Each structure stands twice: as structure tokens, then as C-alpha cells.
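So the protein lines, in turn, are chains A and B.
Add 1122 to a position in the first sequence, counting from 1, and you land on the number used in the numbering used here.
Add 11 to a position in the second sequence, counting from 1, and you land on the number used in the numbering used here.
For the record, the hints were derived by calculation from the structure and aren't laboratory data.
Predicted, not measured: the structure shown is a model, and the values here were computed from it.
Backbone N, C-alpha and C fix where the C-beta goes; we use that ideal spot for every residue, glycine too.
Careful, some of the hints might be misleading.
Stated by the list, open to error - Some, not all, of what chain B presents toward chain A, calculated at C-beta under 10 Å:
1. Val39
2. Val42
3. Thr44
4. Arg46
5. Ile50
6. Ile51
7. Ser109
8. Val112
9. Gln113
10. Leu115
11. Arg117
12. Lys119
What follows is each chain in one-letter form.
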Amino acid sequence: MQEIVMPFNNQAMALLCLLIPLLPLIGFIVNGLGNRKLAKGMVSLIGCGTVLASFLISVYLFVDFTANGSRAYTVDFYNWISVGNMQIGFSFLIDQLTLLMMLMVTGIGFLIHLYSAGYMSHDENFGKFFAFINLFMFSMLLLVMGSNYVMMFVGWEGVGLCSYLLIGFWNKNTNYNNAAKKAFVMNRIGDLGFLLAIFLIFITFGSVSYPQVFAEAARYTGGIDSTVMITITLLLFVGAMGKSAQIPLFTWLPDAMAGPTPVSALIHAATMVTAGIYMVIRSNVLYVLAPSTMEVIAIVGIATALLAATIGLAQNDIKKVLAYSTVSQLGYMFLALGVMAFDSSIFHVLTHAFFKALLFLGAGSVIHAMSNEQDIRFMGGLRKYLPITFLTFLIGTLAIAGIPPFAGFFSKDELLAHVWEHNKLMWGLGLLTSFMTSFYMFRLVFLTFFGTFRGTEAQKSHLHESPMSMTLPLIVLAILSTIGGFLGIPAVFGENMHVLQNYLAPIYGYAQVANAAAVAPLHIDHATEWMLMGISVAVAVVAIILAYVMYVSKKQVPAAEGTQLSPIHNLIYNKYYIDELYNAIIVRPLMWLSSVFHKVFDVTIVDGIVNGVGKFVMQSSRTLRFAQSGAIGFYILLMVVSIALILFLNFFIG
Amino acid sequence: MNQIPEIIRTIPLEYYLFFSTALFAIGVIGVLTRRNAIIIFMCVELMLNAANILLTALSAYRGDTNGQVFVFFIMAVAAAEVCVGLAIIVMIYRNIRSTDVQLLNRLKW
Chain A
1123 MQEIVMPFNN QAMALLCLLI PLLPLIGFIV NGLGNRKLAK GMVSLIGCGT VLASFLISVY
1183 LFVDFTANGS RAYTVDFYNW ISVGNMQIGF SFLIDQLTLL MMLMVTGIGF LIHLYSAGYM
1243 SHDENFGKFF AFINLFMFSM LLLVMGSNYV MMFVGWEGVG LCSYLLIGFW NKNTNYNNAA
1303 KKAFVMNRIG DLGFLLAIFL IFITFGSVSY PQVFAEAARY TGGIDSTVMI TITLLLFVGA
1363 MGKSAQIPLF TWLPDAMAGP TPVSALIHAA TMVTAGIYMV IRSNVLYVLA PSTMEVIAIV
1423 GIATALLAAT IGLAQNDIKK VLAYSTVSQL GYMFLALGVM AFDSSIFHVL THAFFKALLF
1483 LGAGSVIHAM SNEQDIRFMG GLRKYLPITF LTFLIGTLAI AGIPPFAGFF SKDELLAHVW
1543 EHNKLMWGLG LLTSFMTSFY MFRLVFLTFF GTFRGTEAQK SHLHESPMSM TLPLIVLAIL
1603 STIGGFLGIP AVFGENMHVL QNYLAPIYGY AQVANAAAVA PLHIDHATEW MLMGISVAVA
1663 VVAIILAYVM YVSKKQVPAA EGTQLSPIHN LIYNKYYIDE LYNAIIVRPL MWLSSVFHKV
1723 FDVTIVDGIV NGVGKFVMQS SRTLRFAQSG AIGFYILLMV VSIALILFLN FFIG
Chain B
12 MNQIPEIIRT IPLEYYLFFS TALFAIGVIG VLTRRNAIII FMCVELMLNA ANILLTALSA
72 YRGDTNGQVF VFFIMAVAAA EVCVGLAIIV MIYRNIRSTD VQLLNRLKW
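Let's have the full structure, built from the sequences with the hints guiding it.
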């Protein structure tokens, strides 16, 4: 087997690699320190400029990489942690997957930075916003570029921190702060799993650096589905569950919509939440050694996709609908991972990043025009007022619904074809999810952009198309959402046309050795593939027609707050009461336990000791103060007696 | 100049010890029992001189001049101390029209 990863000795290129995450970090420091002092134009220039520079360097790196025979390499900077036989280097791994993620993160990141410059222009903490979002770029790049699990973990925690900071960006609102805390705590549960997995990886393979771990794993003799492999992969998956919002740790993502809309687009739709998928694909060698874990991932994925999609059917907040749709699409991606369709999963990550960022930014544009109204019941007819937003939003919706030739069609179709091969029942459920996705997305479009305006007069007079800096990213993302799918043209349209699959093939080199059967390419005859394609498009179209009939022809509007709903409608409107359930079984008992500890341990024992010391000193000084009578003669007598006593004792004892 | 130590040595050392102890005791008792600040001051001087006598006597008996040098130090310090002490007493007298230390008991909790 040829050595897959080799070290890299080109100083200039190493510096460029380092600059990619470093530039956003510089942006963070400058904008953070100059929050109130720098002019807004300067802040946006620094914020957007650094990310644009990172993107351009990434493109250069990508071109250089492909020009030099697409050989993966590591860039070592220095020895970061060195304890006993554990050596953890500060180094980057540049391979196909890293470059893909880098381009996606910096490219979409730049567009969203640009958008934020317009969207946040009225905010007093403009500098703070750009500082945080730049810090996010830094952490995310560290996450995808790191060449070992510890660096990934650092980036992992960094993006979690930025997510917390940005969800609670408008920190004067207690609800937003609670949402931020919820996201942070839920992520922490996942992080514990990830951390334990890192420990176990170190124990098992004696290293945490990818090249060594994967080479060891490829030689692994414990066989398929050994206990240790299942434990490692399951623990890693627990980490992914938290970050990528899968059952049971998904409830933070809809709440995370409390943050500014560009944050929802960048962090909670396009990049951070896909970190879990990146991690699984990065560790593909370990996962192919544990097919049982893959089964678990597939089940969790499809369950999440279905659950979130049903909740999405009944939400009335434009961002909540998109949030549940994100959870649902993430479920899809994990479903793809579960059936070992790594390529399809990353393909869907990519197209999803395009169209979901587009949808969120479009929603942001709508909210901007509606003077911060997010309830679709008070919108309608916006097509006339926001033509660019409408058009781009429609493209995003067509893409997510899976209508050819938009991006979502290709990735979703490929994904479902893999699922069909693996398990027909899961495919059926996936199709159902696809139907619901298409329905609720078009419900959103029809309620927002069609019909007549249902908001207040004040809002109506204020309606306007967003400024250039906001519409430009929309247009670029719309183009990407339209053509992005052609990266992965299925075999029925031409053999070897799947650019992405060919490009990513080398990253499964070790997996080929470990378990060749698991990563065998999909062999599905063309007739079946045509059929599957036809079915999924038909299902999407039926859903669109249904939504059109309900919300355009019959002019239905979701029931106002407080009206009686049918039991099932009520159940999904209230998100299956999952938040309430978590409250009852986890939060409430924890609160109770804490209050018991507070009363018993804190108040009586800890406070008791501290206060006791104080009380003792007070009491003894109260007694002792009588010795200070002010009579000098008495003091002198005591002095003489004491000296005499000392001398006396000295004489006998000394 | 050798005569002075010899003269001192004509009296046995024990006598000096008894004498200086008695002088010191008188001083201590005086400080403890008297109320007039000036008399207390005089008693303090008695105690200092008791120490001086002892230093001189032992110095002569041991043939070591360090003791006598020390006596001069003590005298100089005592003189300075008297200056400061008497000034304080004068101030006390001006303030409370008395030199009775028992009246000065306001410095307490």
C-alpha cells in the first residue's frame, strides 16, 4: 500500500496554510479591540477582507494541490503537546476533504460576512458581531484543517463557544441568553462523548494524529465490529449528535435561531452543524470497521429527519421552519453516512450549505424588510416588494425540494439511491421526509410571497428590497444552488461524470484496506435509478401542488395563536412536547437536586464553616477586649510578671 | 589606669549582684506602685542604673572592657530618653493638670 500522507517541506506554502486560519483570527482581534472605536466601514472591510483573503488562499492551495498530483500532505509547525510517548503536533492535514471543507467554509463564510455588513448595519455592536463571526471562521478552519483529533477538538470547542456567543448576541433578552445556554450545555454533552473517544483512540492506537491512527486502523487485527471499535465510533457519534443536532440532542438548534439571521445561516445551517458529518467522514476508516455503529447512525439519522420534518409542517416562524428543515437535512446526511454513502453525505453537505445559506439569508432579507417580523401569518404578497429575494428564495426552495436541475435534486437523489440499496423501509421513510420537506418549504414560500399582505400598515409602507451587499450574496448563492448539483452527475447521465466522487476517492484509501466491502461503489442498474429519480421528483411535485392548492388557491392561513387545533396538529405544533419532556425528566430533577445541595451542602456546610470562622473571631475578641482596660499600671504589672515568668521558666527548663 | 578595676574587685562580686538586684527591685516596685509620672520615671532610671552597676562590676571582674563601653551607651540613651520622657510628661500636665498616670486610662476599646 502506498503511503497516503506525507509531510511537507515547502516553507512558503506552509506559511500560506497558516495564514488561512490566522487571517480571521487577526480580524477577530482587531475588530474585538476596536469594537466601539473603529468606523463601521472599517470593521466590515476587516471582517470581510480577512475571510476573502482566506478564501483566495484556499483556492490557490486547491489549484496547487490538484496541479501537483493531488497528494495529501501534512504541514507541521511545532510540537504542541509532548507528554511521555504522546506527541501532539500543531499541524495541518491538507487533503481532498480538508480542501473541500475549507473552500466551502471560507467561500460561504465570505458571502455571509458580506451580507452581514448590510444586515447588521443598524446594530450598535457591529464590531462585536464581526469579531465573533471572525473568531468562528478561525475555529471552524482549525477544526477542518487540524491533522489530529486534539486540534479538531479545539476547533470543535471554539465553534461551540462562538455559537454560544452569537446566539446570545442580543444579550439584553433573557430568552436569547437561555437559548445560548441551552445550545452550549447540549453541545457539552456531545463533547464529552467526543473527548472520551479521543482518549480511547489514543489508548487503542497510541496516537491521535490522523495519518498514524488511520494507518494503524487499516492494519487493525481485531476484526470487524470489535467492541473497542464500536465504542470509539459510538462515542464519536455522540459528539456528532450534539454538534449536528441529532436525536436526542437536537432541541438546541431551533432555539439557536435567537441569534442574528446571518449567524443562523453560517453557523447553524451551512458550516458548524456539518462538523459532525465531517468528523465521521474524516474517521471513515474507524467507521467501516464498525458496521453496527453505522446501523445506529442510519436509524438516528432517519428518525431525526422524519421527526424534524413533521415538526416543520406546523411552524409559523420563518426561521423556525428553516431550522427544523436543517435538522431534517442533517438527519438525511447521517442517514447517508449510516449506509456508508460517504460521498453522498458530503455532497449533500455541500449542496445543503448552498441552498440553506441562501434560504436563511433570504429569510433574513424578508425579516429585514418586515421590520423584524418573523411570523409568516403576518406576511404574504411580498413577491412584488422583494423581487430579488423572492426569486432567489424560490431557487433555494426548489433546490431543497429536489426539483431537477437544482443542486438538492442530485445530492438527495444519490443519497436516496444508496439508502434504497441498503434498506427499503428507510428509503420509504426518506421519501416521506422528502415529501414533507417539499410541502413545508413551499408552504413557506406561498405564505410569504404569494397572496395578499397580512401585516400592519406601518410594515407595509416600510417594505423595501434589501441593499446590494445583501442581495449580491443571495444571487451568488442562488447560482451555486442551481449549478452546484452538477458536481455529482449520476451514472445514468454518463459514466464517470461524478466529479466529486472521483475527487474524493483517495480519502478512502485506508478504508479500502480495512474493509473493502464497506466502501465498494454503488452498483445500481439504470432502470432502478431512473425509477427512483422519477419517484422522488414526483413526490416533490405532488407536495408542491398540495401546498399550492392549500395556501394559494384556497388562501388558507395557519390558525392564529390560541385557536383550538386538532390533537395531531397540536402535537406537532408544540414540537411533540419534547422540550417539555426534557424539562420534566432532566431539567426539573437536576434543579431539584441542585436546590437540595444548595440547602444541605452549600448553606449548612460550606457557608457554616466560613461563617463559623468569622463568628469565632468575633466572639473571642468580644471576650478578650476586657483585658484592654487602659490602666497603664496593670499593663506594666503584666509585663513584669510575664518577663519574670519567662526568665523563671528559662532557668528551669532551658 | 589599672587601679579602677582593682578597686572594684576589692568588694566581692556577690555584693554587686545583691545590690543591683535590690536596686532593680526597688525600681520595679516603684514603677508598679507609684502614680506620679515623674516618680515612675525616676524609678525607671533606677532600673537602668542597676543594670549599669552590674555591667561595670562584671566587666571589671572578667577584665573585659566591652561591659564598660556598654554602660556609656546606656547612659547616652537614658539621657535622650529623659529628654523625650519629660517633654511628654510636661504635655500630659498641660492637658490634664496632673501627672497622675491613673487618670490616663482612655486608651481602651
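Now for the hints, and whether the structure bears them out:
A hinted interface residue such as valine 39 of chain B counts as satisfied when its beta carbon comes closer than 10 Å to some beta carbon of chain A; here the least separation is about 6 Å, so the hint holds. Below 10 Å, beta-carbon pairs count as interface contacts, and valine 42 of chain B has one with chain A at about 6 Å; its hint therefore holds. Hint status for threonine 44 of chain B: holds, given a least beta-carbon distance of 8 Å to chain A, under 10 Å. A cut of 10 Å between beta carbons decides the hint on arginine 46 of chain B: the least distance to chain A is about 8 Å, and the hint holds.
Checking isoleucine 50 of chain B against chain A by beta carbon gives a least distance of about 13 Å; that is not within 10 Å, so the hint is violated. Because the beta carbon of isoleucine 51 of chain B sits about 9 Å from the nearest beta carbon in chain A, less than 10 Å, this interface hint is met. A cut of 10 Å between beta carbons decides the hint on serine 109 of chain B: the least distance to chain A is about 14 Å, and the hint is violated. Annotation: valine 112 of chain B was flagged as interfacial toward chain A, and the flag holds, the nearest CB pair being 5 Å apart, inside 10 Å.
Given the 10 Å rule on beta carbons, the hint for glutamine 113 of chain B holds: about 7 Å separates it from the nearest Cβ of chain A. The restraint placing leucine 115 of chain B at the interface with chain A holds, with a minimum CB-CB distance near 6 Å, inside the 10 Å limit. Of the supplied interface hints, the one on arginine 117 of chain B holds, with its beta-carbon coming within about 6 Å of a beta-carbon of chain A, less than 10 Å. For the restraint placing lysine 119 of chain B at the interface with chain A, the shortest Cβ-Cβ distance is roughly 3 Å, inside the 10 Å limit, so the hint holds.
The structure is inconsistent with the numbered hints 5 and 7, although it conforms to all the rest.
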